[in-house]
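Peer 1: Chains H and G are the protein sequences, given in the same order. Using this note's numbering, read the first sequence as starting at 1 and increasing by one per residue. Using this note's numbering, read the second sequence as starting at 1 and increasing by one per residue.
What the hints contain is simulated information worked out from the structure, not anything from laboratory work. Idealized CB from N, CA, C, for every residue including glycine. Warning: the hint list may mix true and false statements.
Pairs of lysine-lysine residues, derived as DSSO-like cross-links and limited to a Cα-Cα distance of at most 30 angstroms, are as follows [stated by the list, open to error]: (1) G:K204 <-> G:K150; (2) G:K6 <-> H:K398; (3) G:K86 <-> H:K398; (4) H:K396 <-> G:K120; (5) H:K203 <-> G:K120; (6) H:K203 <-> G:K204; (7) H:K385 <-> H:K288.
Reference listing, derived: stretches of chain G covered by chain H, where coverage requires no fewer than 3 residues with Cβ under 8 angstroms from a Cβ of chain H [said to hold, decoys possible]: (8) 41-49; (9) 114-127; (10) 193-200.
Chain residues, written in single-letter form:
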Amino acid sequence: MKLLIKSGRLIDPKAGIDGVYDLLIDEGRIVEIEGDISDDGCEVIDAAGKYVLPGLVDAHCHLRDPGFEYKEDIESGTKSAAMGGFTSIACMPNTNPVADNEAVIKYIIQKAEQEGYVNVYPIGAISKGQRGEELAEIGELKFAGAVAISDDGNPVVSSSLMKKALQYASMFDIAVISHCEDLDLAENGVMNEGYMSTIMGLKGIPAAAEEAMVARELILSEYTGVPIHIAHVSTALSVEMIRDAKKRGVKVTCETCPHYLSLTEDACEGYNTNAKINPPLRTQEDVKAIIEGIADDTIDIIATDHAPHHADEKNVEFSLAANGIVGFETALPLVITKLVRPGIISMTKLVEKMSLNPARLLSISKGTLQIGTAADVTIVNIDEKYRVDVNKFQSKSKNSPFGGMELYGAPWATIVAGNLVVSDHILL
Amino acid sequence: MNLKSKDLLGLKDLSPEEIKYILDTAATMKYVIVSNNKKTPHLQGKSIVTLFYENSTRTRLSFELASKYMGASSANISASVSSVQKGESLIDTGRTINRMGTDIIIMRHPQSGAPHLMAKNVTASVINAGDGMNEHPTQALLDMFTIREKKGTLEGLKVAILGDIYHSRVARSNIWGLIKMGAQVSLAGPATMLPPDIERTGAKVFSTIQEALIDADVIISLRLQLERQKKALFPTVREYSRFFGLDEKRLQLAKKDVLIMHPGPINRGIELTSGVADMESSAIDEQVTNGVAVRMALLYLLTRRGTNETAN
Chain H
1 MKLLIKSGRL IDPKAGIDGV YDLLIDEGRI VEIEGDISDD GCEVIDAAGK YVLPGLVDAH
61 CHLRDPGFEY KEDIESGTKS AAMGGFTSIA CMPNTNPVAD NEAVIKYIIQ KAEQEGYVNV
121 YPIGAISKGQ RGEELAEIGE LKFAGAVAIS DDGNPVVSSS LMKKALQYAS MFDIAVISHC
181 EDLDLAENGV MNEGYMSTIM GLKGIPAAAE EAMVARELIL SEYTGVPIHI AHVSTALSVE
241 MIRDAKKRGV KVTCETCPHY LSLTEDACEG YNTNAKINPP LRTQEDVKAI IEGIADDTID
301 IIATDHAPHH ADEKNVEFSL AANGIVGFET ALPLVITKLV RPGIISMTKL VEKMSLNPAR
361 LLSISKGTLQ IGTAADVTIV NIDEKYRVDV NKFQSKSKNS PFGGMELYGA PWATIVAGNL
421 VVSDHILL
Chain G
1 MNLKSKDLLG LKDLSPEEIK YILDTAATMK YVIVSNNKKT PHLQGKSIVT LFYENSTRTR
61 LSFELASKYM GASSANISAS VSSVQKGESL IDTGRTINRM GTDIIIMRHP QSGAPHLMAK
121 NVTASVINAG DGMNEHPTQA LLDMFTIREK KGTLEGLKVA ILGDIYHSRV ARSNIWGLIK
181 MGAQVSLAGP ATMLPPDIER TGAKVFSTIQ EALIDADVII SLRLQLERQK KALFPTVREY
241 SRFFGLDEKR LQLAKKDVLI MHPGPINRGI ELTSGVADME SSAIDEQVTN GVAVRMALLY
301 LLTRRGTNET AN
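Please model the entire structure based on the sequences and the hints provided.
Peer 2: What follows is the structure in C-alpha cells.
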C-alpha cells in the first residue's frame with residue numbers, strides 16, 4: 001500500500017527543499033513530492049504542524065552485539081534507534097569478538113536484516129583486536145560491508161600505525177574515524193580535570209589528553225593527504241584546532257554528541273555514574289565552544305555515541321563504573337531543545353548534522369528525501385514537550401543523565417524503507 | 001541540635017554549626033579518655049562495624065576504642081578477609097552488614113565516593129574514615145579540635161597545609177572545615193602535587209613553602225606518600241626535602257607560638273625534621289588522643305540521631 005504523508009514541513013538540504021508538501025511513498029521508495037497529492041488508495045499520515053525530515057543517520061553508536069548482549073543487542077538497539085528517529089546507524093567494532101574481520105561484519109549485517117528495526121551499518125576496526133599493533137584486513141572489511149574503520153574506545157596510540165591506516169584505507173576509499181585520547185596524559189583519569197575533579201577527589205582527564213591527539217590526527221591527515229574524521233569532540237581547543245585546519249584545507253571532518261552541547265562536569269556531582277563518559281563532560285566554556293563549532297560548521301556531525309551499560313556496571317564506585325551513556329532516544333530532542341528552539345541552528349542545519357553529513361561520511365545513499373530514494377523518514381513536532389523517563393527507553397540499558405529532564409521534540413514517527421516503525425511515539 | 005544527615009561523608013557537606021557542635025561534644029568526651037574508668041553508657045546496645053578496604057592503624061584503632069569506651073558492640077572487617085575477594089559488590093557487602101542490625105558502618109575505601117554509594121544503599125549511618133583522595137573528615141575534625149583547644153578559636157587563624165595536596169584527603173577535609181570555621185588556609189607543595197583550581201575553595205596557593213609559612217599560626221605537614229615517587233611527581237626524596245621539608249630554620253617564618261601538626265605516620269627527615277616533630281609546639285601526640293574524643297562524639301551524635309531513615 002502507498003503511504004502518504006500529508007501537509008508536513010519538508011526539510012531536505014540536499015534537494016534544497018524547505019516547505020509544506022505532501023510526500024508519497026510507494027514500494028518503499030519516495031515517489032512524489034507535491035503541494036497536494038490525492039489520498040486515493042493511500043494510508044495517510046497527517047503531518048500538519050510537524051517537520052518531515054530525511055531519516056536520521058547516526059555515525060557513531062555501540063550495539064554491543066556480538067558479545068555483550070546483556071547490555072544491548074541488535075534488536076533492542078535498533079528499537080531504541082527507531083524511537084529516537086534514527087533510520088540508519090553505524091555501530092562501532094568494540095564487540096566481542098572485535099569486528100576486525102569479515103565474519104563479524106557479516107554476522108552484524110545478517111542479524112540486522114533479520115531482527116533490525118532500522119538500517120545497520122557496521123564499522124570495522126583499524127587494527128587487529130583494536131590492539132593498535134597491526135592493521136586489520138581493511139580491504140576485506142570494506143567488501144564485507146563495513147562503512148568506516150575505527151578503533152573507537154581505544155585510541156590508536158602508535159602514530160606510525162595511524163599514518164599507515166590512513167594511507168592504506170585511502171586505497172579503499174573508506175572513512176577513518178579516530179577516538180582522540182592521549183592515554184599517557186589521561187593517566188587513568190575518570191572525569192574532566194578541573195575544579196569538580198579536585199573537590200570530588202577523583203583523578204582528572206585533562207582537556208589536553210584529547211587535544212594532543214586531535215593535533216596529531218590533523219598533522220597526519222595533512223601529511224598523508226587522506227581525510228580523517230574526529231569522533232566525539234568535547235573541548236574548546238579541539239574545536240579551535242579543527243576550525244583552523246579546515247581553513248588550511250585539511251580534509252578533516254568531526255562530530256560531537258548531544259551531551260557535550262548540553263551538560264558540563266557538574267553533572268558528575270554526587271558521584272553520578274550516569275554522567276561518567278569518555279571523553280568526559282567538560283566545562284561551560286567547552287560547551288559554548290562546541291555550540292559555536294556546530295553553528296559555524298566546524299563540527300559537521302552530531303552523533304549519539306549511544307553506549308549502553310548494565311545497571312550493575314554503573315551502580316558501583318565512580319572510578320570503577322563503565323564509561324558511556326545511552327543516546328538514541330534523547331539525541332534529537334536535545335538538539336531541538338538546546339539548539340533549534342533557541343534559534344542557534346535551523347532545522348535545515350539539524351538535518352545536515354544528523355542525517356546528510358553522517359550519510360556522506362559513511363558513503364551511504366541516505367540523508368535525503370529525493371524522489372527514487374528509499375523512504376527513510378523522521379517526523380517530529382518540535383513544540384511538543386515531554387519529560388524524559390529512562391524506564392520507557394527501548395534500549396536494554398538505562399544509563400542516561402537526562403532522566404527527568406523536560407525536553408521538546410521526541411520523534412513522532414519513524415519510517416524505514418516505507419514501513420512505519422514508530423507512530424505517535426509508539427513502536428509498532 | 002541534631003546532625004542533619006544520617007551519615008558523615010565529608011566536611012564539604014557540614015554546616016559551621018554542625019562542626020562546632022561536634023567539636024563541643026568531643027570536648028566532653030575527652031574527659032573519659034584521660035579518666036581512670038574509661039566506660040560510658042552512650043553506645044550501650046548499639047552495633048558498630050568498621051569496614052576497611054585499605055590498611056589503617058591509628059584511624060581504625062581510634063574508632064574501635066571509641067566504640068568500646070562507650071559500650072557498643074563492635075566488629076571489624078578487612079577487605080582482605082571478606083567476600084570482597086570473591087567479587088562481591090560494595091552494595092551487596094553493605095546490605096549484608098546492614099541487615100545484621102548494624103547502627104553505624106565506619107568505612108575506608110580506596111575509591112573516592114565509595115562511602116557515598118554505601119550510604120545511599122543502607123539504613124545504617126555511614127562514617128567516612130577516608131575515601132580515595134576525597135575526604136577524611138574525622139581527621140580534619142580532630143585537627144580542628146586540637147587547634148581550637150590550643151588556640152582557643154579557629155576564626156582568623158592562619159593555617160599552612162604543606163606537601164602533596166593533590167593526593168591528600170586530609171588536606172581536602174581540612175580545607176573545607178577550616179574555611180567554614182573562618183580560618184585562612186595557605187597551601188604549598190610541588191606544582192605536580194597541587195590539584196587544579198583548588199583556590200576556588202577559598203584557599204591560597206603558594207609555590208614555595210616559605211611564602212605559605214609567613215605568620216602561620218598552625219602548620220599541618222602532610223605525609224609524603226613515597227610510592228608516589230614512582231609516578232615522577234618529584235625527582236628524589238632528597239630534593240623534595242630540600243625544597244618542601246619543614247625544618248627549624250623555615251619554622252622561624254611562622255609565628256612564635258606556631259602549632260605543628262601531622263596526621264601521621266611521619267617520615268622523619270623528609271616532610272619534617274625530627275627536631276620539628278618533637279618540639280614543644282608539636283601537637284602530634286595530642287592529635288592522637290583527640291582523635292578518639294572526636295570519634296566518640298561522632299558515634300554518639302549519629303546514634304542519638306537515630307537510624308530510622310530509609311535508604312533511597
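Peer 1: Could you check the structure against the hints above and give me the numbers of any it violates, in ascending order?
Peer 2: 8
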